[in-house]
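Q: Given the structure of chain A, go ahead and fit chain B onto it with the hints provided.
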Amino acid sequence: MIARTSFVKRLNPIKLFLHFFVVLVYAVMLCPLVFVIWLSFFKDAILFFPPSGYTLHWYQNAWENQAFINGFIFSMQVALVSAVVGVCLGVMAALGIIRYKFQGNKLVNTLLLSPLLMPGIVTGIAIYLFYLRTENFLDRDIVGTITGLVLAHICLTIPWTVRLVSASMQGLDPSIEEAARNLGAKGSVAFFRITLPMLRPAIVAAALFSFIVSFENLEVSLSLVGPGNTTLPIAIMQYLEFNLDPTIAAVSTVQILLLGVIMLVTDRFVKLSQVV
Amino acid sequence: MASVSLIQLKKKFGSALAVSDFSLEIADGELVAFLGPSGCGKTTTLRMIAGFIDPTAGRILIGEDDVTALPVHKRNTGMVFQRYALFPHMTVAHNVSFGLEMRKTPASERAHRISLALDMVRMTEFKDRYPRQLSGGQQQRVAIARALAVEPKVFLLDEPLSNLDAKLRLEVREEIRALQQRLGLTTIFVTHDQEEALAISDRMAIMHDGKVQQVGTPEDLYEKPANLFVADFLGKMNFFSGQQSGEGQFRTQEGLKLKVAAVAADTVTIGVRPERVELSGEPSSDNSVPVTLKSFSFLGTHIDVVLTGAGQQRLSCQIANTAADRGNRALQTGTSLFMNFKATDCVVFNERDGQ
Numbered sequence: 001m002i003a004r005t006s007f008v009k010r011l012n013p014i015k016l017f018l019h020f021f022v023v024l025v026y027a028v029m030l031c032p033l034v035f036v037i038w039l040s041f042f043k044d045a046i047l048f049f050p051p052s053g054y055t056l057h058w059y060q061n062a063w064e065n066q067a068f069i070n071g072f073i074f075s076m077q078v079a080l081v082s083a084v085v086g087v088c089l090g091v092m093a094a095l096g097i098i099r100y101k102f103q104g105n106k107l108v109n110t111l112l113l114s115p116l117l118m119p120g121i122v123t124g125i126a127i128y129l130f131y132l133r134t135e136n137f138l139d140r141d142i143v144g145t146i147t148g149l150v151l152a153h154i155c156l157t158i159p160w161t162v163r164l165v166s167a168s169m170q171g172l173d174p175s176i177e178e179a180a181r182n183l184g185a186k187g188s189v190a191f192f193r194i195t196l197p198m199l200r201p202a203i204v205a206a207a208l209f210s211f212i213v214s215f216e217n218l219e220v221s222l223s224l225v226g227p228g229n230t231t232l233p234i235a236i237m238q239y240l241e242f243n244l245d246p247t248i249a250a251v252s253t254v255q256i257l258l259l260g261v262i263m264l265v266t267d268r269f270v271k272l273s274q275v276v
Numbered sequence: 001m002a003s004v005s006l007i008q009l010k011k012k013f014g015s016a017l018a019v020s021d022f023s024l025e026i027a028d029g030e031l032v033a034f035l036g037p038s039g040c041g042k043t044t045t046l047r048m049i050a051g052f053i054d055p056t057a058g059r060i061l062i063g064e065d066d067v068t069a070l071p072v073h074k075r076n077t078g079m080v081f082q083r084y085a086l087f088p089h090m091t092v093a094h095n096v097s098f099g100l101e102m103r104k105t106p107a108s109e110r111a112h113r114i115s116l117a118l119d120m121v122r123m124t125e126f127k128d129r130y131p132r133q134l135s136g137g138q139q140q141r142v143a144i145a146r147a148l149a150v151e152p153k154v155f156l157l158d159e160p161l162s163n164l165d166a167k168l169r170l171e172v173r174e175e176i177r178a179l180q181q182r183l184g185l186t187t188i189f190v191t192h193d194q195e196e197a198l199a200i201s202d203r204m205a206i207m208h209d210g211k212v213q214q215v216g217t218p219e220d221l222y223e224k225p226a227n228l229f230v231a232d233f234l235g236k237m238n239f240f241s242g243q244q245s246g247e248g249q250f251r252t253q254e255g256l257k258l259k260v261a262a263v264a265a266d267t268v269t270i271g272v273r274p275e276r277v278e279l280s281g282e283p284s285s286d287n288s289v290p291v292t293l294k295s296f297s298f299l300g301t302h303i304d305v306v307l308t309g310a311g312q313q314r315l316s317c318q319i320a321n322t323a324a325d326r327g328n329r330a331l332q333t334g335t336s337l338f339m340n341f342k343a344t345d346c347v348v349f350n351e352r353d354g355q
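Quick mapping for you: the protein sequence lines, in order, are chains A and B. Each residue of the first sequence is one higher than the one before, starting from 1 at the first, in this note's numbering. Each residue of the second sequence is one higher than the one before, starting from 1 at the first, in this note's numbering.
Extracted from the complex, chain A is given alone in its bound form (with noise of 0.2 Å):
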């Protein structure tokens, strides 16, 4: 009788539908990486279901592709140095936002917000219509550098910092930095010692998205890359153009399995599910 009771509460239509949902909304969500990963293993060149057999002949044939492996390498590069330079340069601005109180504040904040809001392929025109203008003007190739691209990657990076660090800041109680002051730290130490350690999880955080969002651009890298330097999402779109074996599934597949190794170490030292 007990046991009957405690069944029918928990077949509540409510909680049923809840339930329902959320697996709904994991299946949605989780779908199309299931699928990039089954589909790298399809034996047939042209997808169609089921498969004739599996093989691991495309992961071989990705990794002979040389374009895949220079695209990889230099997606990695831009992305490292993009990560390092935007998480210094957001640190500092959320600094200024939350510590400063200056006329003009808020619409610094959205303006350093603005790159979410825009989407990838105008931010990227826009980027590269002003480079062209800028050459002209300092008389120096700017599109197609490394340089130029790694710029544009900061900019993308930089609202994540910005967004990440000056929540982790505002909650912050302003006393601990006080009480390091009044101990006998000057302002840089209290700074470096205290309040930076207490930011950790959030600039961590903020790397790793970084990262992940300079690694897998495509759509401002387009119209900035030059001759010899392509990017791995570049690598794979021109690949697509003549191809549509299951090729790139393997690249991708590769792809989520090192993004997600490097957030699970992340999360091993960070728990990122506290700070985003």
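If you are wondering where the hints come from, they were derived from the structure by calculation, not from laboratory data. Keep in mind that a hint or two might mislead.
Here are the simulated lysine-lysine pairs, PhoX-like style, with alpha carbons at most 25 Å apart [said to hold, decoys possible]:
1. K74/B to K12/B
2. K104/B to K186/A
3. K342/B to K259/B
4. K74/B to K186/A
5. K101/A to K153/B
6. K211/B to K224/B
7. K259/B to K186/A
Just so you know, these numbers come straight off a predicted model, no measurement behind them.
A: Using the frame of chain A, we list chain B on its own:
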């Protein structure tokens, strides 16, 4: 330790005067409480002494040194904050160590001083814990150890007990007082809790609207309040408006004649503490004011009685919950009684009661 002198200290935020002309001498080893309602300027004054706020005018001396222009980290004060303000990413021992490291104390001596400081607040066994693993009372003890480990010249406490629950508040309060007396610490204790201030301080300064109302020992302030604000803020008081009507005589607005020992020509208000009056069916003593019992509440140690006097004046009286009085407890609302009190228990003021 050292003495502290505040000389005509003043702080303006924009056009708002937060602290005006605050002058006070705090002796070496003395505990002075700054007491007042929120926004009275007590915390602003403390933060000026610590160096977090620059005074608009005036000077601050610690010992013989003028520290008015000295930055926070060079003032050598030890501050304890309301919300503990421990460094969350450091263990208890590292928290205490921080100030010593800033002073470049050699590592060998540091360990010794850390254990001394933690012993002092009975937190030695928690030295490897992180602040989040400690209760509020323990965190505040660590904060006290951290502030004292550097042997500051002045010990500053900014509402250190406000975040603790009632029982702990008493415990930490007694601990602070015991430490302060044992080590002879020159201490400034900011609080809005009058009981706290009365219990702990050698002297207290009552502040209101940025102005110091009165400075003195707890007994002085309670027994001889300088003005109506102090009288009303520190404990309760019944007020009667009127004027002197002869030698030792006072006539209230309602026409009551009262005997008041200290009455003077400029006296316009007299006051008497609720615990100094007696309720009785008969007039007796020097003064008897006819009243009607409005309500009463039993508070354990005593009973608070609210009375209505002539002209609907609200008066109050405290009856101690003692064995002798117990038979007398047949209190009933609406009863007509007499509020009896002595001429010597009346306090005189030369300003009018605003209520």
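Q: Hint numbers the structure violates, sorted upward?
A: 5, 7
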